[in-house]
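**Student:** Those sequence lines, one after another, are chains D and V. Per our numbering, the very first residue in the first sequence carries number 145; after that it's consecutive. Per our numbering, the very first residue in the second sequence carries number 145; after that it's consecutive.
Hint data in this document are derived by calculation from the structure and do not stem from the laboratory. Be aware that a few hints might be false.
The list treats identical chains as interchangeable, and a pair is accepted whether it falls inside one copy or across any two copies.
As the list claims (entries may be wrong) - Straight line, CA to CA, 30 Å or less: simulated DSS-like cross-link-like pairs of lysine-lysine:
{"no.": "1", "residue 1": "Lys252", "residue 2": "Lys197"}
{"no.": "2", "residue 1": "Lys148", "residue 2": "Lys181"}
{"no.": "3", "residue 1": "Lys149", "residue 2": "Lys197"}
{"no.": "4", "residue 1": "Lys172", "residue 2": "Lys258"}
{"no.": "5", "residue 1": "Lys197", "residue 2": "Lys148"}
Number of protein chains: 2
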Amino acid sequence: MEYKKGLHIVCDLEDASEDALCNMDGFKTLVEGLILKHQLQSTGSVYHHFELKGYTAVVGLTESHLSVHTWPEFGRVTYDIFLSNFLQVNDSVCEHISKEIQTFFGGKVSQIHKLSR
Amino acid sequence: MEYKKGLHIVCDLEDASEDALCNMDGFKTLVEGLILKHQLQSTGSVYHHFELKGYTAVVGLTESHLSVHTWPEFGRVTYDIFLSNFLQVNDSVCEHISKEIQTFFGGKVSQIHKLSR
Numbered sequence: 145m146e147y148k149k150g151l152h153i154v155c156d157l158e159d160a161s162e163d164a165l166c167n168m169d170g171f172k173t174l175v176e177g178l179i180l181k182h183q184l185q186s187t188g189s190v191y192h193h194f195e196l197k198g199y200t201a202v203v204g205l206t207e208s209h210l211s212v213h214t215w216p217e218f219g220r221v222t223y224d225i226f227l228s229n230f231l232q233v234n235d236s237v238c239e240h241i242s243k244e245i246q247t248f249f250g251g252k253v254s255q256i257h258k259l260s261r
Numbered sequence: 145m146e147y148k149k150g151l152h153i154v155c156d157l158e159d160a161s162e163d164a165l166c167n168m169d170g171f172k173t174l175v176e177g178l179i180l181k182h183q184l185q186s187t188g189s190v191y192h193h194f195e196l197k198g199y200t201a202v203v204g205l206t207e208s209h210l211s212v213h214t215w216p217e218f219g220r221v222t223y224d225i226f227l228s229n230f231l232q233v234n235d236s237v238c239e240h241i242s243k244e245i246q247t248f249f250g251g252k253v254s255q256i257h258k259l260s261r
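Please take these sequences and the hints and turn them into a complete structure.
**Tutor:** Here it is in structure tokens:
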């Protein structure tokens, strides 16, 4: 058996929705739905709300991880999603989740990197 | 106040130490020590040991996050460390933590990306 590289999407959005950037519960519901939909396996997650309205989260997956950090005061969010291809090819799932996160926050992509690793 | 981009180091190692790739407790001790040393603030963490010897972890930080995924069966590890520069410039801390992780695992860097975001 050989190592199969997975896809890691690292993306920043600007001019995002202030509501979404403050709506940690909504983001959590989105992510939990995506995990179920794509039959990914969470190893656990940490969600943290800042006093200044933004939030940050890391979600461990047996397939790797997802993270988000929001900055409502700047209209920005940074997120990344990394899915390995160990047991099945997850590239299209990774792309789909990335698009769903972009739809949730709105705004525009200021930078995106797609790393094979 | 304007948004100050932070440093996100995304790195893969190969030919890493099998002991380190299986030593989740040792990695956790390393990370907890680095968080204390650099006065970072953890929001919580998730460590998960696989049946096949490897482990995966995500650590939430008020400054962003750290993740690791080990593959002892392939001698590989993928990790990333992202520290924002919101309250103080953390670039050198980010570089230091990355180096400490590389020292822990040994082996050689197969790819590294340093993203300003």
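**Student:** Take the hints in turn and mark each one as holding or not.
**Tutor:** To see whether the hints hold, each was checked on the structure:
no. : hint             : result
1   : Lys252 to Lys197 : within (21 Å within a copy, 41 Å between copies)
2   : Lys148 to Lys181 : within (23 Å within a copy, 36 Å between copies)
3   : Lys149 to Lys197 : between (37 Å within a copy, 19 Å between copies)
4   : Lys172 to Lys258 : both (23 Å within a copy, 28 Å between copies)
5   : Lys197 to Lys148 : between (39 Å within a copy, 18 Å between copies)
Taken one by one, the earlier hints all hold for this structure without exception.
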